[in-house]
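A.B. asks: Residue numbers (the working numbering), protein chains in the order written: chain Z, 45 to 261; chain F, 45 to 261.
Simulated from the structure, these hints should not be mistaken for laboratory data.
This structure is a prediction, so every number in the text was calculated from the model and none was measured.
Some hints could be false.
Any copy, or any two copies together, can satisfy a pair, since identical chains are not distinguished.
Below are the DSBU-like pairs computed for lysine-lysine, each with C-alpha atoms no more than 30 Å apart in a straight line [claimed, not checked]:
1. K164 x K255
2. K150 x K57
3. K120 x K164
4. K254 x K120
5. K144 x K164
6. K57 x K254
Spelled out from the first residue to the last, the chains are:
Number of protein chains: 2
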Amino acid sequence: MITVALAKGALLKDSVTRFAKAGLDFSAVLDPINRQLMVPSSCGRARALLVRNGDVPVYVAYGQAQLGVVGYDVLKEHKLQVANLVDLGFGECHMAVAVKATSMYKHAADLPPHCRVASKFTNCARSFFDDLDLPVELVHLTGSVELGPITGMAEAIVDLVATGRTLRENGLIAIEELFTSTARLVGNPTSLRLDRGELQAIVEAVRSEKKLNYFDS
Amino acid sequence: MITVALAKGALLKDSVTRFAKAGLDFSAVLDPINRQLMVPSSCGRARALLVRNGDVPVYVAYGQAQLGVVGYDVLKEHKLQVANLVDLGFGECHMAVAVKATSMYKHAADLPPHCRVASKFTNCARSFFDDLDLPVELVHLTGSVELGPITGMAEAIVDLVATGRTLRENGLIAIEELFTSTARLVGNPTSLRLDRGELQAIVEAVRSEKKLNYFDS
Numbered sequence: 045m046i047t048v049a050l051a052k053g054a055l056l057k058d059s060v061t062r063f064a065k066a067g068l069d070f071s072a073v074l075d076p077i078n079r080q081l082m083v084p085s086s087c088g089r090a091r092a093l094l095v096r097n098g099d100v101p102v103y104v105a106y107g108q109a110q111l112g113v114v115g116y117d118v119l120k121e122h123k124l125q126v127a128n129l130v131d132l133g134f135g136e137c138h139m140a141v142a143v144k145a146t147s148m149y150k151h152a153a154d155l156p157p158h159c160r161v162a163s164k165f166t167n168c169a170r171s172f173f174d175d176l177d178l179p180v181e182l183v184h185l186t187g188s189v190e191l192g193p194i195t196g197m198a199e200a201i202v203d204l205v206a207t208g209r210t211l212r213e214n215g216l217i218a219i220e221e222l223f224t225s226t227a228r229l230v231g232n233p234t235s236l237r238l239d240r241g242e243l244q245a246i247v248e249a250v251r252s253e254k255k256l257n258y259f260d261s
Numbered sequence: 045m046i047t048v049a050l051a052k053g054a055l056l057k058d059s060v061t062r063f064a065k066a067g068l069d070f071s072a073v074l075d076p077i078n079r080q081l082m083v084p085s086s087c088g089r090a091r092a093l094l095v096r097n098g099d100v101p102v103y104v105a106y107g108q109a110q111l112g113v114v115g116y117d118v119l120k121e122h123k124l125q126v127a128n129l130v131d132l133g134f135g136e137c138h139m140a141v142a143v144k145a146t147s148m149y150k151h152a153a154d155l156p157p158h159c160r161v162a163s164k165f166t167n168c169a170r171s172f173f174d175d176l177d178l179p180v181e182l183v184h185l186t187g188s189v190e191l192g193p194i195t196g197m198a199e200a201i202v203d204l205v206a207t208g209r210t211l212r213e214n215g216l217i218a219i220e221e222l223f224t225s226t227a228r229l230v231g232n233p234t235s236l237r238l239d240r241g242e243l244q245a246i247v248e249a250v251r252s253e254k255k256l257n258y259f260d261s
């Protein structure tokens with residue numbers, strides 16, 4: 045039985061669509077009354093494990109799921125031992141440095157040394173500011189990061205920006221992009237190495253968006 | 045202007061009630077259509093900062109809020125520099141070790157050395173197992189920790205238990221309690237030291253559940 049860890053939330057619908065094209069129907073997870081966290085595919089050959097975005101690489105790294113779909117931002121932040129197999133293209137957003145729209149900072153390098161930067165993605169932010177040789181004090185928050193500059197706690201934030209609406213509504217503006225994030229198909233390295241063709245067939249079907257005969261039988 | 049960081053979610057209603065008894069009316073934060081994260085009290089002398097449970101001690105430690113209400117579990121886990129002022133009594137739950145109800149483990153010390161333990165509270169779990177002299181591999185998850193034993197990833201979990209319903213629904217059973225958590229009034233140490241009576245009056249009013257004359261004028 046192949047287990048696929050799917051992230052609840054914004055990526056779920058597109059993940060289900062992409063697997064459906066490849067011949068694995070996990071649409072039961074989209075049922076609003078579904079409360080189960082382990083949901084079999086309609087063919088019974090696989091099952092989806094519904095977990096939080098940040099937990100997908102954990103279940104894949106520990107081998108409880110052989111495959112998973114997760115945002116590149118999470119992969120970059122958590123650095124767990126998973127193979128990044130396919131860029132699925134959907135769920136595009138940008139990891140960006142943002143400041144108050146009224147501030148004078150136009151680039152990340154303009155920020156004063158030792159200023160405070162609030163983020164949910166402190167590993168990504170640490171790596172970015174290290175590369176800039178700009179020492180900053182990172183403040184880890186778990187939500188509503190835009191409150192950092194509003195309350196005066198932080199000069200800047202590092203956060204995911206999709207449409208930019210949340211930034212605008214809070215009087216903030218993105219001044220520099222760290223990287224673009226999209227959904228990725230990831231796999232457990234040991235499972236892929238020991239695979240006898242079954243996993244690879246799914247990976248190829250998802251990659252090519254073609255239903256493989258394999259699943260028709 | 046005094047800022048009070050309040051945790052969204054389970055503690056919010058009781059927090060508002062307790063401050064109301066002390067003479068500070070933050071009931072506007074309970075309005076379901078409120079989308080603001082900074083909400084003034086009805087008297088205009090203070091404001092509430094609505095943040096996630098885990099972020100309350102951050103805003104208080106950095107002084108963006110002079111006071112805050114947060115669960116003791118969060119204080120224990122994050123160990124930030126905030127003063128633990130008043131045990132407010134509500135929001136009681138228990139940090140507990142739980143295992144599959146079908147397992148043979150009756151106490152945490154029965155767990156096999158180097159087994160895996162899944163938790164959102166890995167600092168609390170680390171400290172507990174260190175005290176037991178039991179080396180375990182902690183797996184940090186951000187949600188649905190009960191999936192750890194169900195998927196076979198972990199022998200046990202360390203998680204907050206309120207009614208025990210989630211554990212029962214997932215075939216798990218608590219075998220040992222780490223500590224009891226209740227909501228706490230916390231304060232920024234520097235603000236408390238520099239306070240000229242205003243903060244202390246609020247703390248005393250919240251502690252005694254008596255409205256102080258101070259707020260009537």
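A.B. asks: A separate judgement is required for each hint: does it hold in the structure or not?
C.D. replies: Right, here's what the structure says about each hint:
1. K164 x K255: Intra 38 Å, inter 38 Å, cutoff 30 Å: neither.
2. K150 x K57: neither (37 Å within a copy, 42 Å between copies)
3. K120 x K164: Close inside one copy (12 Å) and across copies (20 Å); limit 30 Å.
4. K254 x K120: within (29 Å within a copy, 51 Å between copies)
5. K144 x K164: Within one copy only: 18 Å inside a chain, 32 Å across chains, cut-off 30 Å.
6. K57 x K254: Classified as within: same-chain Cα gap 18 Å, cross-chain 51 Å, threshold 30 Å.
Comparing the model with each earlier hint shows violations of hints 1 and 2; every other hint is respected.
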